[in-house]
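Visitor: Protein chains in written order, with the working numbering: chain A, 225 to 563; chain B, 122 to 415.
Hints were generated in silico from the structure; no laboratory data involved. A virtual CB, placed ideally from N, CA and C, is assigned to each residue, including glycine. Among the hints, erroneous ones may be present.
[As the list claims (entries may be wrong)] Distance condition first, Cα-Cα at most 30 Å in a straight line; then the derived DSSO-like pairs of lysine-lysine:
hint, chain 1, residue 1, chain 2, residue 2
1, B, Lys135, B, Lys237
2, B, Lys267, B, Lys154
3, B, Lys267, B, Lys238
4, B, Lys402, B, Lys237
5, B, Lys267, B, Lys402
6, A, Lys478, B, Lys237
7, B, Lys402, B, Lys154
8, B, Lys237, A, Lys433
9, A, Lys478, B, Lys238
[What the hints assert, rightly or not] Rough simulated footprint, nothing fancy, chain A against chain B, three-plus residues with beta-carbon under 8 Å:
hint, segment
10, 285 to 294
11, 386 to 398
[Claimed, not checked] If the Cβ cut is set under 8 Å, some of the chain B residues that face chain A in the computed set are:
hint, residue
12, Arg151
13, Pro189
14, Met236
15, His251
16, Val255
17, Gly258
18, Ala262
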Amino acid sequence: MSNEEGAALSGLFTGVSDLQESRSVKGTPASRLPAFVLGEELGDMADRDPRVIVMTADLASANRTTEFRDRHPDRFFDFGIAEKNMITTAAGMASAGHVPYAATFAAFCAILCAEQIRTDCAYTDLPVRVLGHHSGMSMGFYGTSHHALEDIAMMRTIAGLTVVCTTDANHLRAVLRASLDHHGAMYIRMGRGRDPEVYAQVPEITFGKAIRLREGSDLTIIATGAEVHAALEAAGALAEKGIETRVVDMHTIKPLDEAEIRAAAAETGAVMTLEEHNIIGGLGSAVAEVLVECERVPFRRHGMPDEFALIGPPAGLYAHYRLDAPGVTAVALELLGRA
Amino acid sequence: MAERTAAHGRNVSKEFLEERAKFVRLETVRLTKIAGAGHYSSTFSAAELLACLYYGQLRINPAEPDWPDRDRFVLSKGHIAIGLYPILADLGYFDPKLLDDYTRLGSPFGDHPDMKKIPGCDFSSGSLGHGLSVCLGIALAARPQKRDYRVYCMLGDGELNEGQVWEAAMAAGHFGVQNLVAIVDANRLQIDGATSDIMGVEPIDERFAAFGWDVQRIDGHDIDAVLAAFDALPSGTTGRPQLIVADTIKGRGVQMMELSLNWHVGNLVGRDYDAVIEELKAGLKPVAATEVRP
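I would like the entire structure built from these sequences, with the hints used as guidance.
Guide: Here it is, written out as structure tokens:
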């Protein structure tokens, strides 16, 4: 075991047993897991750009901004367990010319600090980057207090706020790099940081432009975040049944790539959305808002039903709520009347 | 202290600052009439503080509102923006005529200030409890940028009910940001009653001191005392944030409003309007009330 892999097995939140693992990432080197690239990528950005500031709220060991702290101690701030102060302080720094990246659990930024994000970051049009990691129910049996299944809905109603979900480690790198000169405030949603790889290289991305990962003519699955990987796996399973599935990584929830949604409806005839989020208000709702203005096609929002999650390890929860590949495959077959 | 040269080059006297405080109160009454409602009394309590800050203390240049080395001022008690706008106009940040459409459809000027629309406004405010965190961020940004500006934050005493204020106070003490200056306009009232009755915040000075702040406590209507407090701010390295608790009287300057619960938001019309204008023009009378009254 290399030192890097050894590091992957230690630490408060990133080191987890198989039982706690969100999704299988066995064999994925640490350098290709989001939790391990966040501090490194931000550190590299700070090497080149004096505007970069990184801050967290007593979670440097969880989000691995420790690497940034070690490389740029003068531009790293740990605010302790005081998230509201952190977000507003980031806005103050942004008003003085910085681009602050404020990282904490999605539940404790997007949900706890929704007003600070709206009033101090978005209304002011300042380049604050709120990094909400451990989103969805990736915290598993930590329970609802540590889940964020409402954050996309809350964030996407804030005027002027760009809302982006990261897919894997390479996608996270792309999002961070592109965020540096992006106008206005951003909410960047991350998974647990141990998300399986979708992109073998750092992809070219444009905020507001979806990425079509697989072509298909029978169905489109529009997915976001770590669920993109499940969508691709499901598409493979569906292909074995003769169903050709287009898979779209809708990484930017706002501004939404409406053209890609209309194309999915027109060209594949059936659309399913897939997200680790309450089906009210998230990606599914955003896509539905576009589809109701298109010609009618079979459509299914798939995500967390409108309830608080059971207690359980992440993998167990994904299986229970049919958010793993077999579950997604089954839901797609239902949508197509092939169940 | 008779003469004082502000950093932006104005020669100011105590008489001049009293005149500017009067100007703030008169403009507040005039603009409120345009809007049909306004925060008279919590603006009046801060009139001397605002005048001393803008005409006697802040290192600013109205010709260059975004000057990176300027001192910042954040009005955390954003509901008294009506008293700030006339000062910004008077200093030349924008045409004073723009205020004649205060709060009308499409105006840059609402009840709470918008930094995107108003030159000279360093940060938008309105939701109480945020401003000290904003100022902490601006103050911390001076470190990697190696700048020597100060950041001033005005809070109300009622505002200290908000928990985020204490998150920021704790962090400011922890990070030792001495270029942060908080001014609490302790006017003793909040909307529902006396601050001591609704949610007690005293002893403000001792509470902040316990968080690692240097504290001064002054009469916020005494211009000499306000300027002396500014002069006492340390220029050397102390590693401690600075607090000025300004004891004031909500509604100061209009006797029927002083420490009255009725005038947090109001609208003077007709003879009442004319009488208040005359009262303000005549200058400050002795304080009419020493206790909160309904």
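Visitor: Run every hint past the structure and note whether it holds.
Guide: Comparing the hints with the structure gives:
| no. | hint | verdict |
| --- | --- | --- |
| 1 | Lys135(B) <-> Lys237(B) | violated, 33 Å |
| 2 | Lys267(B) <-> Lys154(B) | violated, 45 Å |
| 3 | Lys267(B) <-> Lys238(B) | holds, 28 Å |
| 4 | Lys402(B) <-> Lys237(B) | violated, 33 Å |
| 5 | Lys267(B) <-> Lys402(B) | violated, 45 Å |
| 6 | Lys478(A) <-> Lys237(B) | holds, 22 Å |
| 7 | Lys402(B) <-> Lys154(B) | holds, 17 Å |
| 8 | Lys237(B) <-> Lys433(A) | holds, 28 Å |
| 9 | Lys478(A) <-> Lys238(B) | holds, 25 Å |
| 10 | 285 to 294 | holds (count 5) |
| 11 | 386 to 398 | violated (count 0) |
| 12 | Arg151 | violated, 28 Å |
| 13 | Pro189 | holds, 7 Å |
| 14 | Met236 | holds, 6 Å |
| 15 | His251 | holds, 5 Å |
| 16 | Val255 | holds, 4 Å |
| 17 | Gly258 | holds, 2 Å |
| 18 | Ala262 | holds, 4 Å |
In this structure, the hints that do not hold are numbers 1, 2, 4, 5, 11 and 12, in rising order.
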